[in-house]
Structure formats: structure tokens, C-alpha cells
Amino acid sequence: MAEKEALTTKTADELVAEQTSTPLEKMEEPEPSEGKWEPRIVAFVCNWCTYLGMDLAGTSRMKYQPNVRVIKLPCSARIDPLFVIKAFENGADGVLVSGCHPGDCHYNTGNYHARRRWTVFRELFSFLGLDLQRLQFSWVSAAEGVKWVKVINEVTDKVRELGPNTDYHNLSR
Amino acid sequence: MEKELRELAKKLLESGEADVVIGYGRHHDERRRAPVFVTDPADVEKLIFDERCLNNLAGYLNKRYKLLGAEFSKPAVVLKGCDAKAAVGLIQEAQLDPGKVTLIGVCCEGVVPDYDSADGERPFKCEICDVHRPRNTAHVVGDLPEAPALTEYRPSERAAELAGKSREERYAFWREAFSKCIRCYACRAACPLCSCERCIADSNQPQWVPTSGHELGNWSWNIVRAFHLAGRCIGCGECQRACPVGIPLDLLNQHLRRVVADRFGYVAGLDPEARPPLTTYNEKDAEEFIR
Chain A
5 MAEKEALTTK TADELVAEQT STPLEKMEEP EPSEGKWEPR IVAFVCNWCT
55 YLGMDLAGTS RMKYQPNVRV IKLPCSARID PLFVIKAFEN GADGVLVSGC
105 HPGDCHYNTG NYHARRRWTV FRELFSFLGL DLQRLQFSWV SAAEGVKWVK
155 VINEVTDKVR ELGPNTDYHN LSR
Chain B
431 MEKELRELAK KLLESGEADV VIGYGRHHDE RRRAPVFVTD PADVEKLIFD
481 ERCLNNLAGY LNKRYKLLGA EFSKPAVVLK GCDAKAAVGL IQEAQLDPGK
531 VTLIGVCCEG VVPDYDSADG ERPFKCEICD VHRPRNTAHV VGDLPEAPAL
581 TEYRPSERAA ELAGKSREER YAFWREAFSK CIRCYACRAA CPLCSCERCI
631 ADSNQPQWVP TSGHELGNWS WNIVRAFHLA GRCIGCGECQ RACPVGIPLD
681 LLNQHLRRVV ADRFGYVAGL DPEARPPLTT YNEKDAEEFI R
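Protein sequences appear in the order of chains A and B. Position one of the first sequence corresponds to residue 5 (the numbering used here), numbered consecutively onward. Position one of the second sequence corresponds to residue 431 (the numbering used here), numbered consecutively onward.
These aren't lab readings, by the way, just hints derived from the structure by calculation. The model shown is predicted, which means the values in this text are computed figures rather than measured ones. C-beta: ideal position from N, C-alpha, C; glycine also. Some hints could be false.
[Unchecked claim] If we take Cβ atoms under 8 Å as the criterion, some of the chain A residues that face chain B in the derived model are:
1. L86
2. P106
3. T113
4. Y116
5. H117
6. R119
7. V124
8. L132
9. L134
10. Q140
11. L175
Sequences and hints are given; from them, build the entire structure.
In C-alpha cells, the structure reads:
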């Protein structure tokens, strides 16, 4: 009876607090970013693997740096290099493109086609004198929440170290 | 050789095998040759072929011009070996029905630039030419021997030198080059393989490529143009020749041709049956850059 009372007397807020405070890792207070430059990262991810990997990171209460804006697409083969150019045009400092591991594509071969396009696009990007460290690629499966956190933190740290993408931001417009 | 070409043209027109022969004719500028459209067998004398025939007539086969099937139903086109590679590209991409055109290959020992050039100066395409005798054409005029097809790609010294420079130098080079672009799209109009009826650069909802001639838009356009030709460009150099402000566009094409040859073992324009490399894949493609 006492047990039952204890359950029912908890408020909704207390229940949520109890569930979210599972100490998978110690939640850190976000660093104050006022007056300090923070990179803008855009991630183009596929719906079936990387997005679910991110979802897993979220439901597992893993924390990663909040600099990333995620754009979900049906498949990595849908990620036209135009999107990457557009992201840089609109002020991105770094771009991550991510999809299913080879052999895992929901549409069987989408990521193999995407890989060829990325290979060529990277070379073009580099030949034009743009910094390849700002354009990164990864395979993240639906089970790799941990890998997602690692990848996005590494990309964010790298771009923070590089500073604002002046190569693109300084182009007249 | 011109005699042989004219006789063939006459035969094709008289027999009805072709209703027009598109070839090279005189230009008011003596350094150049203009395209001529011969429809009357009596006019075949207008056809000429010499080392001044620099332009690529395969562009007229492109659907974008709406000549084929509208103005003419059975054209015959005079193509150098390099130009025939563009026709092969169109056939590969189902942009051209090989049954509806007659490709007339002409043997060519190399052409000269259309400006006042130094003696012996050749366009880069001639330096690495492996098609002095054209391949994949119904007729071949002239008698040069067939050379083995090059399956590797060597970019020009200038492209290789630029690729070897530091990132900052490459950026400065292209920033200066693209800042001159006036977005006339002559590179697109001159390209025999740019075959979209509606180019992505003309799309305005959404507008992928900013239309203004500012640096941002110029970068987007030139990146898109180069990328869309990756694995397709046959290296005729018409884009660069058409550019009114002298952007070295062919350097981008050469670099990507080398990348495609090195990474995917593919050289464009050799085989009408082959799949273009970016429409296919190999499970073993290298992926050292992917985390």
C-alpha cells in the first residue's frame, strides 16, 4: 500500500527528471558561447542509417556539440553536391555527409553511387583550393550512436580550430 | 582528302541516306572555319577540311539544338576523331539514336588554334590525341592508321602544375579566374555534352545557382558545370574556347578526367556501349576519405 502511494504521489516532472537523469554520462553545462565564435556545421544524412544512429545517440542520452544542423534525406545518393555548395553559400563553416555503410543501403546500391560522386566532388573541391577539412564524409549505421557522437564532435572541433570559412564567406555577393 | 569528303557527301545526299551534311566551310576570318549545312548535292564544294577545322560539330547532334527530327531527320556530320568521342558520349547517354545519323569521320593530324599562334602550337587535345583515325564512325575519310586507344589520362603540364601547388595558391588562382565570369553560359552552349533541356542553372524554384554575376554565383556555376561533366567530358576544349573572358575551364575538365581515369579506370568517348562511370559503381571503389 505504501509502495502504491509512493508511485502515485510522484508528479509528472519528477518522473521525467528520474528518467532523464540516467547517468550514462555526466551531463555538462553548455559552455557560454556569447562573444565567442562557434562554427556552423551542416550534416546531410540518410534517413535509414545515419539519422537512426543520431536518434539512437539521442535516446541513449548521449550528448554532442550543438553546432550541427541536420538535414535528413532519403538516401546518401540523394545528397547532390549542389546541397553542399548551397550550405557553404549560406554560411556553413563545415559540412558532414553521412550515409549507410557499404552493403547496408536501404535501396541496395545508393551509397555505392554516392561514394563515386563524393570521390569526384572532393577532388574538384580540393583542386579549386577549398579546404577538404571542412567537407567530411562518414558511414554511420543505425546502431552506431557512439560513432555519430564521435564523428560530429571531431568535425566540430576540427572546424572550430580552422575558424570561420573565410574562403567562401569572403566571396562577393 | 577534301575531294573524297565531297564525293561521300554527294553520294549521301543523292541517295537520300542523309538530308543534310554538316561540315566545315569558309569563314570570313581566314584563321577559322565555319560550320556549313549542305542540303543540295550541288553545294558539296563548300565542304572543306584542313588543320583550321578546330571546332567540334558534334554539338549539332545534341537534342538541345532541336535540329534533329525538326529541321532535319537524317543528318550526316563531319567529325574529327576527338569530335566523334562526343557523339559516342551522346549515344552512351541515349541522347542520340545512332540509327538516325551518319557519322563521317575525317582523319586528322592535328589542328591549330584559331588565334595567331606560334608555329607548331597545337591545342592540348592534339598533344594527347589517340584518334588521328576516328573510331566509331560509319565512314572514315582519309588514310591515317588507327592508333591504340589510350586508357590512361595525362593532363596538360599546366593542369598538373596547378594541382601540385598549395591549397592557398589554387584558391587564389581560381578566385581570380572566376571573378571574371560574366555568366553568359557560352561554356554550356558550346559543350557538345551539356544536354539538359532545362539546365539546373536556369531553375528558379528552388534557385540552386545564384544568377547574378557575383563571385558567389560564379563559383557555384563553375563548380556545377565542371562536376556535371565529370566522367563525361571528352576534352574537346570548346568550353574554354567559347569563354569570352578567358577562364581556363579546360583545366577543371582535365583534372576531373584524370581523377576518373585514376580512380575508376575510365576514359570517356571510347565505347558507345560502356556505362558512364558516375552512373555505375564498383563495390571495391576506394573510400579512404570516408570515416
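Against the structure, the hints:
{"no.": "1", "hint": "L86", "result": "5 Å, holds"}
{"no.": "2", "hint": "P106", "result": "7 Å, holds"}
{"no.": "3", "hint": "T113", "result": "6 Å, holds"}
{"no.": "4", "hint": "Y116", "result": "4 Å, holds"}
{"no.": "5", "hint": "H117", "result": "5 Å, holds"}
{"no.": "6", "hint": "R119", "result": "6 Å, holds"}
{"no.": "7", "hint": "V124", "result": "5 Å, holds"}
{"no.": "8", "hint": "L132", "result": "5 Å, holds"}
{"no.": "9", "hint": "L134", "result": "7 Å, holds"}
{"no.": "10", "hint": "Q140", "result": "7 Å, holds"}
{"no.": "11", "hint": "L175", "result": "4 Å, holds"}
Every hint from the earlier list agrees with this structure, and none is contradicted.
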